Amino acid sequence: MVQDSIVPLPVHDCTALFKTLQAVLSWQWDGRFQTALAQIGMAEKDAMRVTLENHLGPAWDSATIDTAPESVRRAIGRLGGIMPGQLFYAVELSQDGMVFCAWWPWGNGRTISIRVGASPEGSALLATLVPADAR
1 MVQDSIVPLP VHDCTALFKT LQAVLSWQWD GRFQTALAQI GMAEKDAMRV TLENHLGPAW
61 DSATIDTAPE SVRRAIGRLG GIMPGQLFYA VELSQDGMVF CAWWPWGNGR TISIRVGASP
121 EGSALLATLV PADAR
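The opening residue of the sequence shown carries number 1 in my numbering; numbering runs sequentially from there.
Source of the hints: derived by calculation from the structure; they are not laboratory data.
Model, not experiment: these values are computed from the prediction.
All C-beta atoms, glycine included, are put in the ideal place defined by N, C-alpha and C.
Be careful, since some hints might not be right.
Pairwise CB distance ranges, derived in the manner of DEER restraints [what the hints assert, rightly or not]:
1) Glu53 with Gln22: 25 to 35 Å
2) Arg78 with Ala124: 12 to 22 Å
3) Lys19 with Asp46: 14 to 24 Å
4) Ala43 with Gly107: 23 to 33 Å
5) Asp66 with Thr128: 31 to 41 Å
6) Ala127 with Ala63: 17 to 27 Å
With these hints in hand, go ahead and build the complete structure from the sequences.
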């Protein structure tokens with residue numbers, strides 16, 4: 001399901017999400033975007049979307065991004081925007097904190113990059129995916 005109206009981001013504890021992601025994917029640090037990065041194949045696509053939606057709620061896409069809260073639009077802007085076929089999930093940790101996941105299919109039709117990032121308040125959660133000394 002894709003977001004279709006401006007709604008506040010739910011406040012959420014993402015610890016369970018990060019434990020799930022850490023258990024099923026191999027992560028590395030993407031210094032370009034300051035996010036944790038993993039790739040999945042098309043066989044894992046549906047299960048991963050269910051996991052992300054269960055923890056982060058519905059995604060925004062290029063057709064619905066204008067309905068996203070300003071904080072989401074700013075985060076997408078820091079990643080260079082959103083293209084057709086890409087998705088963006090986000091959830092608030094508190095009034096000032098956000099965790100997000102960018103879903104970027106590759107042009108080869110076989111691979112999807114998943115980038116997980118956080119505002120400063122959520123950055124400690126990223127250490128469960130990529131230890132700080134590996135960044």
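Consistency of the hints with the structure:
1. Glu53 with Gln22: 25 to 35 Å: violated, 18 Å
2. Arg78 with Ala124: 12 to 22 Å: 19 Å Cβ-Cβ, so the 12 to 22 Å window holds.
3. Lys19 with Asp46: 14 to 24 Å: holds, 21 Å
4. Ala43 with Gly107: 23 to 33 Å: Distance hint for Ala43, Gly107 is violated at roughly 18 Å.
5. Asp66 with Thr128: 31 to 41 Å: For Thr128 against Asp66, whose Cβ atoms are near 32 Å apart, the range 31 to 41 Å holds.
6. Ala127 with Ala63: 17 to 27 Å: Violated, since Ala127 and Ala63 (Cβ atoms, about 34 Å apart) do not stay within the stated range.
In summary, the numbered hints that this structure violates are 1, 4 and 6.
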